[in-house]
Amino acid sequence: MTAPSPAPATTDTLLSVRDLTVEFGTKGQTPFRAVDGVSFDVRPGQTVGLVGESGCGKSVTSLAIMGLLPKRGNKVAGSATFDGTDLLTLDDREMRDRRGRDVAMIFQDPLSSLNPVVSIGVQVAEVLQRHRGMKKSAAMAESRDLLDKVGIPDPSRRLKEYPHQLSGGMRQRALIAMALACKPRLLIADEPTTALDVTIQAQILNLLKELVVDSGTALIMITHDLGVVAGLCDEVNVLYGGRIVETAPRHELFASPRHPYTNGLLGSIPRLDGARNEQLAAIPGSVADNIPWTSGCAFAPRCSRAIDVCRAETPSLEQDSVAIEDHLLRCHNPWPTGGEA
Amino acid sequence: MSPMQRKKDRIDALAATAGTAGDIPDAGHVSESGGLSLIGSAWLRLRRNPVFLVGATITALFVLLAIFAPLIAPHSGTANPLIGQVTTNHPIPNPQSGYPLGGDNQGRDLLSRLILGSRQTLIVGVLATLAGLAGGLVLGTLAGSFGGRVDTVVMRIVDVMLSLPSLLLALAVATLFGQPSQWTLIIAISVVQIPIFARLLRGSMLSQRSSDHVLAARALGVKRGPITFRHMLPNSLGPVLVQATLVLAVSIIEAASLSFLGLGNPDDSSPEWGQMLGRAQDLFDIAPHIAFWPAGCIVVVAFGFTLMGESLREALDPRNRR
Chain C
1 MTAPSPAPAT TDTLLSVRDL TVEFGTKGQT PFRAVDGVSF DVRPGQTVGL
51 VGESGCGKSV TSLAIMGLLP KRGNKVAGSA TFDGTDLLTL DDREMRDRRG
101 RDVAMIFQDP LSSLNPVVSI GVQVAEVLQR HRGMKKSAAM AESRDLLDKV
151 GIPDPSRRLK EYPHQLSGGM RQRALIAMAL ACKPRLLIAD EPTTALDVTI
201 QAQILNLLKE LVVDSGTALI MITHDLGVVA GLCDEVNVLY GGRIVETAPR
251 HELFASPRHP YTNGLLGSIP RLDGARNEQL AAIPGSVADN IPWTSGCAFA
301 PRCSRAIDVC RAETPSLEQD SVAIEDHLLR CHNPWPTGGE A
Chain B
1001 MSPMQRKKDR IDALAATAGT AGDIPDAGHV SESGGLSLIG SAWLRLRRNP
1051 VFLVGATITA LFVLLAIFAP LIAPHSGTAN PLIGQVTTNH PIPNPQSGYP
1101 LGGDNQGRDL LSRLILGSRQ TLIVGVLATL AGLAGGLVLG TLAGSFGGRV
1151 DTVVMRIVDV MLSLPSLLLA LAVATLFGQP SQWTLIIAIS VVQIPIFARL
1201 LRGSMLSQRS SDHVLAARAL GVKRGPITFR HMLPNSLGPV LVQATLVLAV
1251 SIIEAASLSF LGLGNPDDSS PEWGQMLGRA QDLFDIAPHI AFWPAGCIVV
1301 VAFGFTLMGE SLREALDPRN RR
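From first to last, the protein sequence lines are chains C and B. Heads up: the first sequence runs through residues 1 to 341, numbered per our numbering. Heads up: the second sequence runs through residues 1001 to 1322, numbered per our numbering.
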């Protein structure tokens, strides 16, 4: 039932998450395991995707790495080694000093993530003053350059404006500017494009891609959108019910998705070239139908390929025997290579 | 085309949509530069709200009256030009030319004393509200920013203050100082207001604490001080400031009540409405009008502040936005 021990982190690994487990619950109640033994590595300059439906533990994973989970009511186990230090063992003050400087995060809803009563310039400058000890005037000048760098037109004017005066795309750009202000080595993007128009989504993704390539920043991309994964990620981890069910390099995953859940996610993307009377594919049921991983495979109740063993034995995460590349899989009865017919 | 091939094509198409849309002109430039802030849109709605207009007019007149009282009052508040008309059988001079409301039992002009009294009433009301606001801000910020045990301790203290009947607490504070004065009045009333502000601020601070922008600020490593004073407090002040206009009405009534009970300024050379009302009660059966005028003023002013506060609260209520 324990996760298989993944390969030891190689020396050039920036962040190495091992057996991360997060439980919520009050004393006396059975705790709810939101994240269950998640392990993955991120190398500098690499983009790693965490993919899954709402409630699969993506966001909790990122908040746990950032040390942003509420102090009470949860239990975090495992490790998240960043450049030799386990972030999960740092105390509040040490972690606070690292947030924004070494690791930064951008969130889903750019409007509610900005302080409505403080101008954009002051909000960007705040990070610079906090971590780089810059004076207010120097920080404002630097903020202007940062806004320019993330593609906000007329940055000098925008500096003085308030979040409600900016469009959604510009707000997200401003947030990216804040996150990248101190050149963090790791950026966690939690569904950064979900609240944006499709056209703006592409721009924001391009911007992220550019910045990551330029600065060698590692990126953890949390999303439910496989289009985003296809465009951006090097390595993909598919999560279900708090556990990783499939891990593979992007091309490998899209070329031969083996786990029925990954297949379901791919199959549920509507197609423009499909027949008009074709039913939209959906994965039956919802995450709420979860059974705990302890009694078989959590996905079994929704799985079209579930067989008896799926309900009896919990599958473990193992190297896919037929794959040539690294391809981890947690399934008793995966699709044959080539995927769903 | 094999299913495999089709799937690959789809993936390439997906990758393409995510990867090549960069040349789309930035549609982000549609910001509403003349756009409406919360305050702006609230003001638009307020301007058309008759309730607010009535309340604001009363309030404005009252404040102007208080500021320019010595200029407006036709006579001095202490001189007693009508003292000749005060007799044992007829202690209250009648209204007459130059003295439209008549005089009081010391021969002083009633209208002038009413006008001058507005100033004392406003000073006591405003200072008591400000002091209560300040105390509430300190306690509420403490509880809302630290949370946990600090929150528990502070809020239990506030609960104790809240459980005391406000008039009784004010009485106790006024007696504590022995000699009642304008200042004991202010302290007594503000102590009563502190828990109201503290609870309100703590509530909105706590909701700010779990808001996305505070989480985003924490994710950037911002320290507790700036988080509290730059990110949480300014966003929590709205309901507190609206409450302040409502509390102002309560303060004025409470100041009048305490003065009426003899806990206000004993020196009647600087008139105050509650105090005038208190002095009038002995003569109520002979000359009810000397009680009616200060009482009427208190009611109208409190009504004005309440109308204004209620309509402000309504206009700034996020549920009424958009």
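No lab work stands behind these hints, which were simulated from the structure alone. One or more of the hints may lead you astray.
What the hints assert, rightly or not - In silico DSS-like pairs for lysine-lysine, Cα to Cα no more than 27 angstroms straight-line:
no., chain 1, residue 1, chain 2, residue 2
1, C, K149, C, K183
2, C, K27, C, K75
3, C, K209, C, K183
4, C, K75, B, K1223
5, B, K1223, C, K136
6, C, K149, C, K160
7, C, K209, C, K149
8, C, K183, B, K1223
9, B, K1223, C, K135
10, C, K71, C, K135
11, C, K149, C, K136
12, B, K1223, C, K27
13, B, K1223, C, K71
14, C, K160, C, K136
15, C, K160, C, K135
**Q.** Pair hint C/K75 and B/K1223, alpha-carbon separation not exceeding 27 angstroms
**A.** holds (24 angstroms)
Q. Are the Cα atoms of C/K71 and C/K135 separated by 27 angstroms or less?
A. With a Cα-Cα distance of about 33 angstroms, the restraint between C/K71 and C/K135 is violated, given a limit of 27 angstroms.
Q) Is the Cα-Cα distance between B/K1223 and C/K27 27 angstroms or less? A) violated (30 angstroms)
**Q.** Distance restraint between C/K160 and C/K135, which requires alpha-carbon spacing of 27 angstroms or less
**A.** holds (17 angstroms)
Q: Would you mind confirming whether the straight-line C-alpha gap from B/K1223 to C/K135 stays at or under 27 angstroms?
A: holds (17 angstroms)
Q: Assess, step by step, whether the Cα of C/K149 is no farther than 27 angstroms from the Cα of C/K136, and give holds or violated.
A: Holds, at roughly 20 angstroms.
Q. Is the hinted pair C/K27 and C/K75 satisfied, with a Cα-Cα distance of at most 27 angstroms?
A. This hinted pair holds, its Cα atoms lying about 11 angstroms apart.
Q. Does the alpha-carbon distance linking C/K149 and C/K183 stay inside the 27 angstroms limit?
A. holds (13 angstroms)
(Q) Holds or violated: C/K209 and C/K149, Cα atoms, limit 27 angstroms. (A) holds (13 angstroms)
Q: Compare the distance between the alpha carbons of C/K160 and C/K136 with 27 angstroms, and conclude whether the hinted pair is satisfied.
A: It holds: about 14 angstroms lies between the C-alpha atoms, which stays within 27 angstroms.
Q.
Need the status of pair C/K209, C/K183: alpha-carbon distance at most 27 angstroms?
A. holds (15 angstroms)
Q: Take the C-alpha atoms of C/K183 and B/K1223, compute the straight-line distance between them, and say whether it is at most 27 angstroms.
A: Status holds; Cα separation ~19 angstroms.
Hints 10 and 12 from the list above are not met by this structure, while the remaining hints are.
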